[in-house]
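Input sequences plus hints: build the corresponding full structure.
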Amino acid sequence: MSVGKYHIVNPNEGFPLPDSHKVIVRVTSPNGGSYHYSDHVSEGHFAFQAVESGDYMACFFASDHQPSSTMTIDFDWKSGIAAKDWVNVAKKGSIEAMQEELKKMFGTVQSINKDMYYLREREQEMQQLNISTNSKFFWLGIFSIIFALSVAGVQLWHLKTFFEKKKLI
Amino acid sequence: MGSGLRFGYVSPAFLLALIISLRSICRVSALSVTVNNIECVYEYVLYDGDTVSGNFVVVDHDIFWGSDHPGIDFTVTSPTGDVVHTLKGTSGDKFEFKAPRSGMYKFCFHNPYSAPETVSFHIHVGHIPTEHDLAKDEHLDPINVKIARLREALEAVISEQKYLKARDERHRRTNESTASRVIGYSVMEYVLLAGVSTLQAFYIRHLFSKSVAYNRV
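Quick note, the sequences are listed as chains A and B, same order.
Here our numbering is used: the first residue of the first sequence is 1, the next is one more, and so on.
Here our numbering is used: the first residue of the second sequence is 1001, the next is one more, and so on.
For the record, the hints were derived by calculation from the structure and aren't laboratory data.
Please note that the accuracy of each hint is not assured.
To be verified - When the alpha-carbon atoms are kept at most 25 Å apart in a straight line, the in silico BS3-like pairs for lysine-lysine are as follows:
id	chain 1	residue 1	chain 2	residue 2
1	A	Lys84	B	Lys1146
2	A	Lys160	B	Lys1210
3	B	Lys1136	B	Lys1106
4	A	Lys104	A	Lys5
5	A	Lys22	A	Lys5
6	A	Lys22	A	Lys84
7	B	Lys1094	A	Lys78
8	B	Lys1210	A	Lys166
9	A	Lys114	A	Lys103
10	B	Lys1146	B	Lys1136
11	A	Lys78	B	Lys1106
12	A	Lys5	A	Lys84
13	B	Lys1088	B	Lys1106
14	B	Lys1146	A	Lys104
15	B	Lys1106	A	Lys5
16	A	Lys165	B	Lys1210
17	B	Lys1094	A	Lys114
18	A	Lys114	A	Lys104
19	B	Lys1106	B	Lys1094
20	B	Lys1146	B	Lys1098
21	A	Lys103	B	Lys1146
22	A	Lys167	B	Lys1210
Below you can see the structure in the form of structure tokens.
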């Protein structure tokens, strides 16, 4: 689960946002699918359920500004456990608020646990990759020695028969 | 795992895209930014004396033509304009500092070379209520301090995990490129060897051919 909110920060407090301060926003999945697209807006939000793992991109495009100016965008993008909607209990110090805090922490701990498994898995995969690269190096090295010797042998044999044919040897 | 951040950029006469990407959303999330020259991220610190911690890893670091790119520079500027923390020429590091005052802090990555680098970063602002806060706000219970400490400890674990994940990603890229390079270079080596020895044989034959006066040889 992933939620995002963005808005262009008003450089002059109290005055309306200038019309030129608009952006095009596009959120894409790792395989290129578009999860969100907004044309010429100054604020917006998006939410989606991630189907695949990989790099998700949020791109902000600004059109030509004459003279060039700086735009500040306030962008809040949360995913996983942080995106979960927690019941917002107003009064701090009440039992419900503390319960919510502890529930949040329990969720966090669970996600830490999952992440540790993920890291372990990835480490194992990398170990496999390294072992296979190691053995590839070994076999390719042996093969390259054999190949070099055989190429030299073929060359010598070829030249020998060539000179014998030419009656030079 | 979420961060409210602000970033500013100058839009020149061309269409400019600032790319913020989130990596592996199913289990990981670290924001990453592609740094062409300078990219800055802003994070608001609510209270004086908050601990700001985080890490960043340059994911593209060992790019194809060798790792003579020394790394990127990282600077943290306080709202008053002085530099609070700086790291130079590194390919990734953790950082932690106590924010002297509240306000908008600027975290800048500077890439001194022309090759764009993707930086995966995580910033966390942690606040633990102090005695002063407890005195001010009657709703705050001492247990909130303990809960805040616990939460900060968990955030430290999460931060470390993100760092490890980003480094793992970089190592994986290096290893995958090594594995594919092994095959590529070996095949190229064989082809070159065969080609050179064939050329050699043909040249020697040519030296002894009838068109060249071979009794000279």
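So, going through the hints one by one against the coordinates:
As the CA atoms of lysine 84 of chain A and lysine 1146 of chain B are separated by approximately 23 Å, the hinted pair is consistent with the 25 Å bound. Between the alpha carbons of lysine 160 of chain A and lysine 1210 of chain B the distance comes to roughly 18 Å, so the proposed pair stays at or under 25 Å and holds. With a C-alpha separation of about 29 Å, the suggested pairing of lysine 1136 of chain B with lysine 1106 of chain B is violated against the 25 Å cut-off. Using a Cα cut-off of 25 Å, the hinted pair lysine 104 of chain A and lysine 5 of chain A holds, with the two alpha carbons roughly 21 Å apart.
Our distance criterion of 25 Å between C-alpha atoms is met by lysine 22 of chain A and lysine 5 of chain A, whose separation comes to about 15 Å. Annotation: proposed proximity of lysine 22 of chain A to lysine 84 of chain A is violated, straight-line Cα distance about 29 Å (limit 25 Å). Taking the CA atoms of lysine 1094 of chain B and lysine 78 of chain A, the gap is near 21 Å; set against the 25 Å cutoff, the hint holds. For the hint pairing lysine 1210 of chain B with lysine 166 of chain A, the CA-to-CA distance comes to about 10 Å; that is within 25 Å, so the pair holds.
As the CA atoms of lysine 114 of chain A and lysine 103 of chain A are separated by approximately 17 Å, the hinted pair is consistent with the 25 Å bound. Restraint check for lysine 1146 of chain B and lysine 1136 of chain B: satisfied, since their Cα atoms lie roughly 18 Å apart, inside the 25 Å limit. A C-alpha spacing of about 20 Å is found between lysine 78 of chain A and lysine 1106 of chain B, which places the hinted pair at or below 25 Å, so the restraint holds. Our distance criterion of 25 Å between C-alpha atoms is met by lysine 5 of chain A and lysine 84 of chain A, whose separation comes to about 14 Å.
Between the alpha carbons of lysine 1088 of chain B and lysine 1106 of chain B the distance comes to roughly 16 Å, so the proposed pair stays at or under 25 Å and holds. With a CA separation close to 15 Å, the supplied pair lysine 1146 of chain B and lysine 104 of chain A stays within the 25 Å bound. Proposed proximity of lysine 1106 of chain B and lysine 5 of chain A is supported: the alpha carbons are some 20 Å apart, at most 25 Å. Simply put, lysine 165 of chain A and lysine 1210 of chain B have alpha-carbon atoms about 13 Å apart, close enough for the 25 Å limit, and the pair holds.
The straight-line distance between the Cα atoms of lysine 1094 of chain B and lysine 114 of chain A is roughly 23 Å, inside the 25 Å bound, and the hint therefore holds. For a cut-off of 25 Å, the pair hint linking lysine 114 of chain A to lysine 104 of chain A stands: about 15 Å separates their Cα positions. Taken as a hint, the lysine 1106 of chain B and lysine 1094 of chain B pair is honoured in the structure, with Cα atoms around 16 Å apart against an allowance of 25 Å. Taking the CA atoms of lysine 1146 of chain B and lysine 1098 of chain B, the gap is about 20 Å. The hint holds against a cut of 25 Å.
Restraint check: the Cα-Cα separation between lysine 103 of chain A and lysine 1146 of chain B comes to about 15 Å, which is no more than 25 Å; the hinted pair holds. Annotation: proposed proximity of lysine 167 of chain A to lysine 1210 of chain B holds, straight-line Cα distance about 13 Å (limit 25 Å).
Checked against the numbered hints given earlier, the structure breaks hints 3 and 6 and satisfies all the rest.
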